[in-house]
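Engineer: So the protein sequences, as listed, match chains E and A.
Letter by letter, the first sequence follows residues 39 to 379 in my numbering.
Letter by letter, the second sequence follows residues 5 to 356 in my numbering.
Think of the hints as simulated: they come from the structure by calculation, not from any bench.
These numbers were taken from a predicted model, which means no experiment stands behind them.
Be aware that one or more of the hints could be misleading.
Simulated restraints on C-beta separations [to be verified]:
1. Pro313(A) with Glu115(E): 47 to 57 Å
2. Gly26(A) with Phe58(E): 25 to 35 Å
3. Arg169(E) with Pro300(A): 49 to 59 Å
4. Gln345(E) with Pro300(A): 52 to 62 Å
5. Thr205(A) with Lys69(E): 27 to 37 Å
Every residue gets a Cβ at the ideal spot worked out from N, C-alpha and C, and that includes glycine.
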Amino acid sequence: MTSASDQSPILEIKNLKVHFPVISGIWRRTKGYVRAVDDLSFDLMEGETLGLVGESGCGKTTAGRAILRAVEPTSGEMWFRMPDGSRVSTTSAGSEELRLLRQDIQLIFQDPFASLNPRMTVFDVVADPLRVNHIARGKELEDLVSEMLLKVGLSPEYMRRYPHAFSGGQRQRVGIARALVMNPRLLIADEPVSALDVSVQAQILNLMQDLQEELNLTYLFISHDLSVVQYIAHRVMVMYVGKVVEIAPTEKLFGQPLHPYTQALLSSVPVPNPEVSALKQTLEGEVANPADPPTGCYFHPRCPFVQEICRTTEPPLNEVTPEHFASCHFAGELDLPGVPA
Amino acid sequence: MEGNWPILDVQNLKTYFSLDEGVVRAVDDVSFDVERGTVLGVVGESGCGKSVLARSIMRIVRPPGESIEGQIIYNRSPNDGPADATPERIDLRELTLDSSEMRDIRGGEIAMIFQEPMVSFSPVHTVGAQIIEAIVLHQSVTKEEARDQAIEMLRRVGIAEPERNVDEYTFNLSGGMRQRCMIAMALSCNPTLLIADEPTTALDVTTQAQIMQLMAELQQEFGMAMMLITHNLGVVAQMAKEVIVMYLGKVVERADVRTLFSDPKHPYTQELLKSIPRLSRTGQTERLAAISGNVPPPFVRPTGCSFHPRCPKFMSGVCDVVEPTLATVGTRHTVSCLLYSDVSGAAPKELS
Numbered sequence: 039m040t041s042a043s044d045q046s047p048i049l050e051i052k053n054l055k056v057h058f059p060v061i062s063g064i065w066r067r068t069k070g071y072v073r074a075v076d077d078l079s080f081d082l083m084e085g086e087t088l089g090l091v092g093e094s095g096c097g098k099t100t101a102g103r104a105i106l107r108a109v110e111p112t113s114g115e116m117w118f119r120m121p122d123g124s125r126v127s128t129t130s131a132g133s134e135e136l137r138l139l140r141q142d143i144q145l146i147f148q149d150p151f152a153s154l155n156p157r158m159t160v161f162d163v164v165a166d167p168l169r170v171n172h173i174a175r176g177k178e179l180e181d182l183v184s185e186m187l188l189k190v191g192l193s194p195e196y197m198r199r200y201p202h203a204f205s206g207g208q209r210q211r212v213g214i215a216r217a218l219v220m221n222p223r224l225l226i227a228d229e230p231v232s233a234l235d236v237s238v239q240a241q242i243l244n245l246m247q248d249l250q251e252e253l254n255l256t257y258l259f260i261s262h263d264l265s266v267v268q269y270i271a272h273r274v275m276v277m278y279v280g281k282v283v284e285i286a287p288t289e290k291l292f293g294q295p296l297h298p299y300t301q302a303l304l305s306s307v308p309v310p311n312p313e314v315s316a317l318k319q320t321l322e323g324e325v326a327n328p329a330d331p332p333t334g335c336y337f338h339p340r341c342p343f344v345q346e347i348c349r350t351t352e353p354p355l356n357e358v359t360p361e362h363f364a365s366c367h368f369a370g371e372l373d374l375p376g377v378p379a
Numbered sequence: 005m006e007g008n009w010p011i012l013d014v015q016n017l018k019t020y021f022s023l024d025e026g027v028v029r030a031v032d033d034v035s036f037d038v039e040r041g042t043v044l045g046v047v048g049e050s051g052c053g054k055s056v057l058a059r060s061i062m063r064i065v066r067p068p069g070e071s072i073e074g075q076i077i078y079n080r081s082p083n084d085g086p087a088d089a090t091p092e093r094i095d096l097r098e099l100t101l102d103s104s105e106m107r108d109i110r111g112g113e114i115a116m117i118f119q120e121p122m123v124s125f126s127p128v129h130t131v132g133a134q135i136i137e138a139i140v141l142h143q144s145v146t147k148e149e150a151r152d153q154a155i156e157m158l159r160r161v162g163i164a165e166p167e168r169n170v171d172e173y174t175f176n177l178s179g180g181m182r183q184r185c186m187i188a189m190a191l192s193c194n195p196t197l198l199i200a201d202e203p204t205t206a207l208d209v210t211t212q213a214q215i216m217q218l219m220a221e222l223q224q225e226f227g228m229a230m231m232l233i234t235h236n237l238g239v240v241a242q243m244a245k246e247v248i249v250m251y252l253g254k255v256v257e258r259a260d261v262r263t264l265f266s267d268p269k270h271p272y273t274q275e276l277l278k279s280i281p282r283l284s285r286t287g288q289t290e291r292l293a294a295i296s297g298n299v300p301p302p303f304v305r306p307t308g309c310s311f312h313p314r315c316p317k318f319m320s321g322v323c324d325v326v327e328p329t330l331a332t333v334g335t336r337h338t339v340s341c342l343l344y345s346d347v348s349g350a351a352p353k354e355l356s
């Protein structure tokens, strides 16, 4: 699996757009578009974890689903590198190609209470992808499932039970086992620990790290929780109203952010230390409406450093320092402290 | 303001749910008090009983849940006179549910903010109508005066154009705005105690920061006491003066916020603090110390100390046998753990 391909990305995304039409009136006319994902470009390297953060409605979930073509992209291109090294365009893949792609790209969902079918036993949940793809049956199927359950820290003796008999953390393990049973190389984890208790969250994060090391997995880790993302991600991408505002290696993003929005997110995280008073200035206003975004930089109505140019001209995503991209007219000129010391 | 009288004094409260499968001891012999004008944080994971505790105080636990034992003393200060005058002592558990006194207190003197503002507001009435209803119910004012008060309150919590938004329905408002309206409604009757059940959990970090700041300001300005229920240790660290930590229906530790974070005594508190990822400038390279196991299902409570199956300091033959009681380990610092009790020597005798 570890081909000498650290240089070529497993997933390349260029100018991905997902626009949803706003339909209203009795004639079902399209009144406009919600630009859920607007011109997203990034590469994902094999074996890395890319954190994707942003507030609700910023398009992070839609971006994750568009990669799997669970929602159809409006425009843009995506390429996935298959195990044999060939580059497959996922945007133009036909249904047979898509079926193969989806064996290699799997999703882990947020809510382990909603994402597991209550009428299927844990065995059925995990075995289903193997059955559907005619990979194994009978004793072999059973062995594969119990092996996978062991791998995620569940005892196979419980596999005939239904999801209701399991706690949130155990259900999330089932969800991970289901995703991993097809031997995928890329996992899109959409808020995988947000619904879990704090004491269990750490178990799942550690499990995901162990599995990544063992199986050379690549993660797109979508989360709104910056401390979780800092813990697990190698690189972090910040989205605001459908656009990437900053992308950088984790230490750089948290230590020397270049975009004021990233800084605002970092300052908003309540510090679990009563000696540090973090209740300082907070961001004013609300997230812009993706159906009717502001002119210029989308963040300008809330930005403490706003200048005239920000109201009129949209800033491009520039590589400000090596590997550190930001879309701000004043990237590098502002004095942003990063995580409060 | 810190007289000798806590605003709320809960003693040995038990709220049980009798179900076909068995009895769920959601709140099990809980005692604590809330000082006048201060913020008490209540921390715990889902299922630890923190929401049921809040609802027990408000007397809004739904059947089959019932507060079967204990006292919920609300110390009402006399309207005029010195702050340290002897207050009127009311046991909320002894009041009839629909008595006028209970109704006056609930929503008036003790107000509550719920986690999900979308569910807690009625979708078929405007925000204003719901706030006005609360004001008219608790104060002797006309509807017009109440409307003015409602608009003023909405302005106070940072709603833009309150004159227009007072006639808005909740589904037209964003999550942050809804939560602001919820706070406006709770504060409209100038409560002396505010119970906030996960007030920021459903919100984004930036909105959470706005709401926390707003609540801190209003708490100071109105001088009210607050019981802040949350699972977010960051929120507690920033807002609370004292903290109680709950696990499976019991208070396992109580301390002032600084002591709790710098010198936690209960293994559960210690492990909890170790298991959360923290933001840092350089990034955390150390592996998170996860607490092993899961919160047990409600019907099968472990024997002895209910944390013993997950506890790294588990003492065999002691922790699984003896039920710990709250022991004092410092000034206003109590912990319910056998490590700090004398029973460790006595336990084997009990066994034999």
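Engineer: For each hint, tell me whether it holds in the structure or not.
Structural biologist: How the hints compare with the structure:
In this structure the hint that Pro313(A) and Glu115(E) lie 47 to 57 Å apart at CB holds, the actual value being about 52 Å. Between Gly26(A) and Phe58(E) the beta carbons are some 48 Å apart, a value that contradicts the proposed interval 25 to 35 Å. Between Arg169(E) and Pro300(A) the Cβ separation comes to about 34 Å, which falls outside the hinted range of 49 to 59 Å. Hint check: Gln345(E) to Pro300(A), Cβ distance near 57 Å, so the stated range 52 to 62 Å holds.
Separated by about 34 Å at the C-beta atoms, Thr205(A) and Lys69(E) satisfy the suggested range of 27 to 37 Å.
Hint violations for this structure: numbers 2 and 3, all remaining hints satisfied.
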